[in-house]
Amino acid sequence: MPSPVPAYAPDAAGRLAALSDVTASDRALRRFLHGLPGVDAVGLEARAAGLGTRSIKTTAKAYAIDLAISMIDLTTLEGADTPGKVRALCAKGIQPDPTDRTTPKVAAICVYPDMVATAKEALGDSGIHVASVATAFPAGRTALPVKLADTADAVAAGADEIDMVIDRGAFLSGRYLEVFEEIRAVKQACVRADKSVAHLKVIFENGELATYDNIRRCSWLAMLAGADFIKTSTGKVAVNATPPNTLLMLEAVRDFRATVGVQVGVKPAGGIRTSKDAIKYLVMVNETLGDDWLSPDWFRFGASSLLNDLLMQRQKLSTGRYSGPDYVTVD
Amino acid sequence: MAFEYAPAPESRSVVDLAPSYGLFIDGEFTDAADGTVFKSVSPSTEEVLAEVARAGEADVDRAVKAARKAFTSWSALPGAERGKYLFRIARIVQERSRELAVLESLDNGKPIRETRDVDLPLVAAHFFYYAGWADKLSYAGYGPDPKPLGVAGQVIPWNFPLLMLAWKIAPALAAGNTVVLKPAETTPLSALFFADVCRQAGLPRGVVNILPGYGDAGAALVAHEGVDKVAFTGSTEVGKAIARTVAGTDKKVTLELGGKAANIVFDDAPIDQAVEGIVNGIFFNQGHVCCAGSRLLVQESVQDEVLDALKRRMATLRVGDPLDKNTDIGAINSPEQLARITALAEAGEAEGAQRWAPACELPSAGYWFAPTLFTGVTQAHRIAREEIFGPVLSVLTFRTPAEAVEKANNTPYGLSAGIWTEKGSRILSMANKLKAGVVWANTFNKFDPTSPFGGYKESGYGREGGRHGLEGYLDV
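These protein sequence lines are chains Z and L, in that order.
For the first sequence, counting from 1, position 50 maps to 50 in full-length UniProt numbering; every step adds exactly one.
For the second sequence, counting from 1, position 181 maps to 181 in full-length UniProt numbering; every step adds exactly one.
In short, the hints are calculated from the structure, not lab data.
Idealized CB from N, CA, C, for every residue including glycine.
Heads up, some of the hints might be wrong.
Between beta-carbon pairs, the in silico distance windows are [as the list claims (entries may be wrong)]:
hint, chain 1, residue 1, chain 2, residue 2, range
1, L, E300, Z, D292, 26 to 34 angstroms
2, Z, G52, L, A18, 53 to 61 angstroms
3, L, A343, Z, D100, 54 to 62 angstroms
4, Z, D292, L, W356, 18 to 26 angstroms
5, Z, D100, L, W356, 33 to 41 angstroms
6, L, Q379, Z, S3, 23 to 31 angstroms
Some chain Z residues close to chain L (C-beta under 10 angstroms, calculated; not the full set) [unchecked claim]:
hint, residue
7, V42
8, R54
9, K61
10, L77
11, E78
12, A80
13, D81
14, P83
15, I94
16, V285
Turn these sequences into a full structure, and let the hints steer you where they fit.
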């Protein structure tokens, strides 16, 4: 196996093409996905819970908090979003803690497509990416041309990353090739006029896929279709990222790199609100994937309130006391 | 920069260790009749933790007489009253669980993660469970009014000192017996702390007697004519000696002895979880587990995949300070045990198996052995036949389910086995064919007070735990 390449690298397509027999027909794809090893739910959940008992203290905690901040896709996805709200969020992302300039900036600001231009302008040359949800987020229940237009619009407005949702209905009824083709089409729509590309995150909505076997199959399906990142959920349903469903996706990207030679990132989203939770996820990344994935290039948190908790914990570590929620900004 | 975990040690200050401890006889701590003592050493640092009185024959006699005397009133108590004492003990164990967990890790060398999350919760659960049986013995299936046996002489090992104590004492007291218990010489301290728990619970004098000591004390206890029931957990060799001692007497005996369990992984297994099960099966408690999955039987068609994943996983195991909350594998319990493990591992290499261990730095003081696996092992190798009782896994392969059964059963032992497959029907058919007292499906080393535990063949006889566990302590 030649050395692995990132999913967004030009030669990744060649690696994926080597598996084109698997995706040649609906039947071949189904046979492949159903041939993946099963997932024992009890064992998976026990492993995730076991990793959750790691005790991360002092220097390790400081490292993990800064790493977690730098991995955040700071998100606002509300019908009530306004340019003012988005600009405030961007300012927060650039300088999360105005009282401490050593605080790292976040990885990206995640917004709806119509807010991309506003965010892009507010972020300027900060180096923070603009991520846009697309493809009729969160339900994904529109026709493909509409999804592609939605994507193209966000890319044209300057989005660096696209968070698409898959068609869960198609997946659950076993039309895997349709889901595959749709991801490929959206990936095409991520190509900008100058031939550069926006990175593609593929959202599964694990809460709707319901079983761990489905989540493993969906991970491979999305990676085969060219996903740069696989993402747990929209944050809009009852069950979002959980330690076991994220652990399962970490195992999938690990196995995918080992087999295909292409490295894909993972983004848990929804429900991760405390530093303690975030650190548990980082422990899972560390002990499942190791250093290679411990950077914002390969692991992200889709979150909004998590950032303030991380900042409070960061202040606690440096000053030895809790300052309280009035000492972090509310955006 | 890598994500390195900073040390996260559990505080030792929760345990108040005295410089010396006595025997616990008739509700009092006393010196040994001949005044001899021995030292209990922390296997992770070789530090002497305390000096402990060493029981001899005279002490055994005194303790058995105290237990005999206490039996009359204890067995006459209504079951509900005995149950109250057991519930009280269970609650005190829970309240003092942090202290007892730290103590157990210090004296035994096992990681605090296990004493905190496995040993102590199970100890309390056993007392709660049998407390519930105390007033329901007529419904246990042993007749309308089953009677206790009398004095139980119990000898327990060093691998789960407090948990084995709970397995022995809880059902004995629930059924109305009194006990004399000898903990292992390398791990006497938690049993002595348990004596204090009994006092705290107001348990009548003489109902529980604890005699720290060596094999001679155990032999004297087993042979004592005032003992009506012998319960032993430990090596098959000692178990056979005990069986010889009690032959021809009317003592009731239960023996829980060695094992060489097969952990069988089929090609349709959930691989990631199977790897966790393999790791847990052999590296839990440094492999000092009689039911450890010490023989991995993996189907040839997935052998490479499973071994690659297993090695990758083993490389993440954290070996070191048992009191560090992030430690996965602690110290080997004694220099003698370390020597045994080392000798068998060397035999494995000499007989032609391939040895592999992840790079891992072992502490300089104390007794340590890196998690190790052997591939290319055949049924003829010593490491496939003899119980190593350490963190050493022997990997064998099979081609068909019938071959898996044949190899799994091809051992003088028969304590436990594991099956990994996504196929429910295969689990059932394998479980029927495996000659092992416990068969785990898609999991390993899961214990519960409601579930009977015990062996076939040279792994012993009798069952502990569950309703079945009462039988060994009732005159039925």
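Results for each hint:
1. E300(L) x D292(Z): 26 to 34 angstroms: holds, 31 angstroms
2. G52(Z) x A18(L): 53 to 61 angstroms: With a Cβ separation near 36 angstroms, G52(Z) and A18(L) fall outside 53 to 61 angstroms, so the hint is violated.
3. A343(L) x D100(Z): 54 to 62 angstroms: Distance hint for A343(L), D100(Z) holds at roughly 58 angstroms.
4. D292(Z) x W356(L): 18 to 26 angstroms: Since the Cβ atoms of D292(Z) and W356(L) sit about 23 angstroms apart, the hinted range of 18 to 26 angstroms holds.
5. D100(Z) x W356(L): 33 to 41 angstroms: violated, 47 angstroms
6. Q379(L) x S3(Z): 23 to 31 angstroms: violated, 41 angstroms
7. V42: holds, 7 angstroms
8. R54: Since the shortest Cβ distance to chain L is 6 angstroms, the answer is holds.
9. K61: Holds. Min distance 7 angstroms.
10. L77: violated, 30 angstroms
11. E78: violated, 34 angstroms
12. A80: Since chain L brings no Cβ nearer than about 38 angstroms to A80(Z), farther than 10 angstroms, the hint is violated.
13. D81: Result: violated, 34 angstroms to nearest chain L Cβ.
14. P83: Nearest chain L Cβ about 38 angstroms off; hint violated.
15. I94: violated, 23 angstroms
16. V285: holds, 8 angstroms
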